[in-house]
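Undergrad: Throw the hints in and build the complete structure from the sequences for me.
So the chains spell out like this:
There are 2 protein chains.
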Amino acid sequence: MTIYDISEKAGVSIATVSRVLNGSNNVSEKTKQKVLRIMEEYGYTPNAFARGLGLNTMKTIGIMCADSSDLYLAKAIYFIERELRLNGYDCILSCTGYDLATKISSMNLLISKKVDGIILVGSNFIYEDMDENKYIIDAAAQVPVMLLNAVLDAPNVYSTLSDDLASTYEATCQMYASGIDDILFFYNSHTYSGKRKMSGFSAAMKDNNIPADRARTLYFSGSHEDIPAMAKLLIDYHMAGNTFHGIIAADDYLALGAIKYAKEMGLSIPDDLAIIGHNNCMLVSCCHPELTSIDNKLELLCNHLTSSLMDILNGKETPEKTMFSGEIINRGTTRN
Amino acid sequence: MTIYDISEKAGVSIATVSRVLNGSNNVSEKTKQKVLRIMEEYGYTPNAFARGLGLNTMKTIGIMCADSSDLYLAKAIYFIERELRLNGYDCILSCTGYDLATKISSMNLLISKKVDGIILVGSNFIYEDMDENKYIIDAAAQVPVMLLNAVLDAPNVYSTLSDDLASTYEATCQMYASGIDDILFFYNSHTYSGKRKMSGFSAAMKDNNIPADRARTLYFSGSHEDIPAMAKLLIDYHMAGNTFHGIIAADDYLALGAIKYAKEMGLSIPDDLAIIGHNNCMLVSCCHPELTSIDNKLELLCNHLTSSLMDILNGKETPEKTMFSGEIINRGTTRN
DNA sequence: TTGAAAGCGCTAACAC
DNA sequence: GTGTTAGCGCTTTCAA
Numbered sequence: 004m005t006i007y008d009i010s011e012k013a014g015v016s017i018a019t020v021s022r023v024l025n026g027s028n029n030v031s032e033k034t035k036q037k038v039l040r041i042m043e044e045y046g047y048t049p050n051a052f053a054r055g056l057g058l059n060t061m062k063t064i065g066i067m068c069a070d071s072s073d074l075y076l077a078k079a080i081y082f083i084e085r086e087l088r089l090n091g092y093d094c095i096l097s098c099t100g101y102d103l104a105t106k107i108s109s110m111n112l113l114i115s116k117k118v119d120g121i122i123l124v125g126s127n128f129i130y131e132d133m134d135e136n137k138y139i140i141d142a143a144a145q146v147p148v149m150l151l152n153a154v155l156d157a158p159n160v161y162s163t164l165s166d167d168l169a170s171t172y173e174a175t176c177q178m179y180a181s182g183i184d185d186i187l188f189f190y191n192s193h194t195y196s197g198k199r200k201m202s203g204f205s206a207a208m209k210d211n212n213i214p215a216d217r218a219r220t221l222y223f224s225g226s227h228e229d230i231p232a233m234a235k236l237l238i239d240y241h242m243a244g245n246t247f248h249g250i251i252a253a254d255d256y257l258a259l260g261a262i263k264y265a266k267e268m269g270l271s272i273p274d275d276l277a278i279i280g281h282n283n284c285m286l287v288s289c290c291h292p293e294l295t296s297i298d299n300k301l302e303l304l305c306n307h308l309t310s311s312l313m314d315i316l317n318g319k320e321t322p323e324k325t326m327f328s329g330e331i332i333n334r335g336t337t338r339n
Numbered sequence: 004m005t006i007y008d009i010s011e012k013a014g015v016s017i018a019t020v021s022r023v024l025n026g027s028n029n030v031s032e033k034t035k036q037k038v039l040r041i042m043e044e045y046g047y048t049p050n051a052f053a054r055g056l057g058l059n060t061m062k063t064i065g066i067m068c069a070d071s072s073d074l075y076l077a078k079a080i081y082f083i084e085r086e087l088r089l090n091g092y093d094c095i096l097s098c099t100g101y102d103l104a105t106k107i108s109s110m111n112l113l114i115s116k117k118v119d120g121i122i123l124v125g126s127n128f129i130y131e132d133m134d135e136n137k138y139i140i141d142a143a144a145q146v147p148v149m150l151l152n153a154v155l156d157a158p159n160v161y162s163t164l165s166d167d168l169a170s171t172y173e174a175t176c177q178m179y180a181s182g183i184d185d186i187l188f189f190y191n192s193h194t195y196s197g198k199r200k201m202s203g204f205s206a207a208m209k210d211n212n213i214p215a216d217r218a219r220t221l222y223f224s225g226s227h228e229d230i231p232a233m234a235k236l237l238i239d240y241h242m243a244g245n246t247f248h249g250i251i252a253a254d255d256y257l258a259l260g261a262i263k264y265a266k267e268m269g270l271s272i273p274d275d276l277a278i279i280g281h282n283n284c285m286l287v288s289c290c291h292p293e294l295t296s297i298d299n300k301l302e303l304l305c306n307h308l309t310s311s312l313m314d315i316l317n318g319k320e321t322p323e324k325t326m327f328s329g330e331i332i333n334r335g336t337t338r339n
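Just so you know, the protein sequences line up as chains P and U, in that order.
Position 192, counted from 1, in the first sequence is what our numbering calls 195; the numbers after and before it change by one each time, with no gaps.
Position 228, counted from 1, in the second sequence is what our numbering calls 231; the numbers after and before it change by one each time, with no gaps.
Given that identical chains are not distinguished, each listed pair holds provided it fits within a single copy or across any two copies.
Computed cross-link-like contacts, EDC-like style, restricted to lysine to aspartate or glutamate with a CA-CA straight-line distance of at most 20 Å:
#, residue 1, residue 2
1, K198, E131
2, K37, E11
3, K324, D166
4, K266, E293
5, K137, E44
To be clear, the hints were calculated from the coordinates, so they are not data collected in a lab.
TA: This is how it looks when you write it as structure tokens:
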């Protein structure tokens, strides 16, 4: 069933059918109704490919993320997909893993599928070495590229992010103010966002005049879901003679690893060990005591990112970078 | 840059260019190289829409799921997307929520976008009332529909699932054998899979000759992530005079709710209360003690589902229903 | 308000 | 091995 069939059965031209299809005003109400009736009767659906060919768009956005099964990224995808759909866009999901070559080929594939825009979810798409960001800049020459929780200063690339530096600074200060002066920054990634968190931590320790040997950092290189391995790393670190009574964790998974560490060492939370996580994801209520965490307003970020993209696609002016503030949600793992 | 431009610059016809593009053998190595060089030189990429129009496919699969931010569903999507991509298919993600009307319109949208197949992730797409499954049967008239963890007996609909009845039966028997004869089945959905779990529980209690008043069931109607609300429901239930020393939870979230309940009531796990969850997701190691859970082999299911779909699209015969066995992974919340 | 017709960029059948 | 050409189903001028 094509537009030709409908036009024939309705006794009009295909142009008229097309007009009805696209809600043009230049059709008499009478013919319009007639055409609509025929369409209904024969269960006609326009061919999306033909449409795409003519209009050069199928209203789809490519979403890339390293690992859609990560709680935080999954939530982001969920929010973004919902908003895109409300705006009449579908999304093609592409999980790239953490390897640059795969990211590049995924990007090219999306471009070749002629998506209208690309959203990079998570900060691990941006590299220190600008050469390695070339794939993004190249993509941005074709379609707008939106970054969630990352920054890249390039034409047609837009960033929406949470002010991780400020919120980590604040969290560190709060912990210090609660009487803890040997704090460990526990992290697992060297991404832009990861570095900003570390900077916030370092700045806070410095501003509170804490000697460098009391501002420790520990890097976890295992799987982001492997809570037992995180606990084990902390135990080993502790056993090696490093002392700390507070942990600022770069995400909630790591914070749970810290809780597990405390449990296994027989430490009481928050008296022997205070913990603050990042992301404020549902994990915070899975543990005991419940986790104090930094809410980085993911839903807000996603909504802003999506509406920016819509603006861009509609030719409106849009700021290249938008930053939101996080907020510490205090629960049982901190003293206050 | 179109196939015409390339053909002109290479001094061949568009047919030859098309042949090179599609790896046909009927092109001399020499012209092939020439054409490839020109393509490379001008950075030519074929237009996916025109291609789709001609071939009537763009190699995309629609994935529908109620809530992609659910840990378990997110994991499933991750596995499925990975396999589809390995087979050269993209996927369009559609999060439908739990409302039938939205599911129907999402389904229609995917069909109108001309996906090559549709995958329904999770058992909440199937309804008791067969009239409400009509949207699936209609869709299956257009493209193959794959069900993960659900069953619908209809043409062109294929099911891949875990034997929840058997594994819940086994878990219940194991708990009974460990000395607990008042067990609560704690659940939150009336889906096909949910009902099978309940049936397994009931059958096990019956086969062990446990009086009906000791085989309790409790339904949680809140958000699937709201652990505190689950704990609260259990506390209220307990306070109302219901006793139980074991809980079979229909998923790991609910099991965490049970752990929280135990913590708040000062019950020791597993001595005062044993708990078995379902899904064996990463939450099992987030709590203390770690959670005994039924591994329903999600990755295996997803891989099977995807390869079945590929077979179907390639015209191979495929079984309409495949069931895998689950396995109890014992950890700290059970006695044994 | 309507219709005719020229694309959009590709595939595939057919001819040479 | 290669070229010609007729679609694929729609949008969009341009005329009427």
